[in-house]
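Make the full structure from the sequences, and use the hints.
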Amino acid sequence: MKSEEDFEMHKLTLAEEKTHVCEVCRITFENESQLNGHAVSHTGARAHVCEICSKSFKHKQDLEKHGKIVADVRLPIQEVRSSGDSSQTSSEDTN
3 MKSEEDFEMH
13 KLTLAEEKTH
23 VCEVCRITFE
33 NESQLNGHAV
43 SHTGARAHVC
53 EICSKSFKHK
63 QDLEKHGKIV
73 ADVRLPIQEV
83 RSSGDSSQTS
93 SEDTN
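Remember, the numbering used here sits 2 above the position in the sequence shown when you count from 1.
Hints are supplied without guarantee of correctness; some may be wrong.
[As the list claims (entries may be wrong)] Taking lysine-lysine pairs in the DSBU-like style, the calculated list, with each CA pair at most 35 angstroms apart, reads: (1) 20 x 67; (2) 57 x 67; (3) 60 x 20; (4) 20 x 62; (5) 20 x 57; (6) 70 x 60; (7) 70 x 57; (8) 70 x 20.
[Unchecked claim] Pair by pair, the computed Cβ-Cβ distance ranges are: (9) 51 x 7: 43 to 53 angstroms; (10) 67 x 11: 36 to 46 angstroms; (11) 48 x 70: 17 to 27 angstroms; (12) 53 x 6: 49 to 59 angstroms; (13) 75 x 38: 27 to 37 angstroms; (14) 34 x 11: 22 to 32 angstroms.
These aren't lab readings, by the way, just hints derived from the structure by calculation. Heads up, the beta-carbon is just placed ideally off N, CA and C, and yes, glycines get one too.
Set out below in structure tokens:
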């Protein structure tokens, strides 16, 4: 069983690995990329915008996740419209 001393040493090691510090809230990160991603949470900037519904997101991965949801919802609508358009076109061609 690990001792409390081992646990404290572990926490210190983790703290040493996280050398990039947010100047606003003092949270630490392992690399600059993580820090930059976090910094957006303090600015309120929403630079990633859905082209379909105009909803905006702070992080690119949130927009990508949203895009998958929107695509799943839109696909059946597009299929219905496509099949509806095809039947109208074919009936117009026969007249």
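>> Of all the hints numbered above, which does this structure not satisfy? Sort the numbers upward.
In response: none
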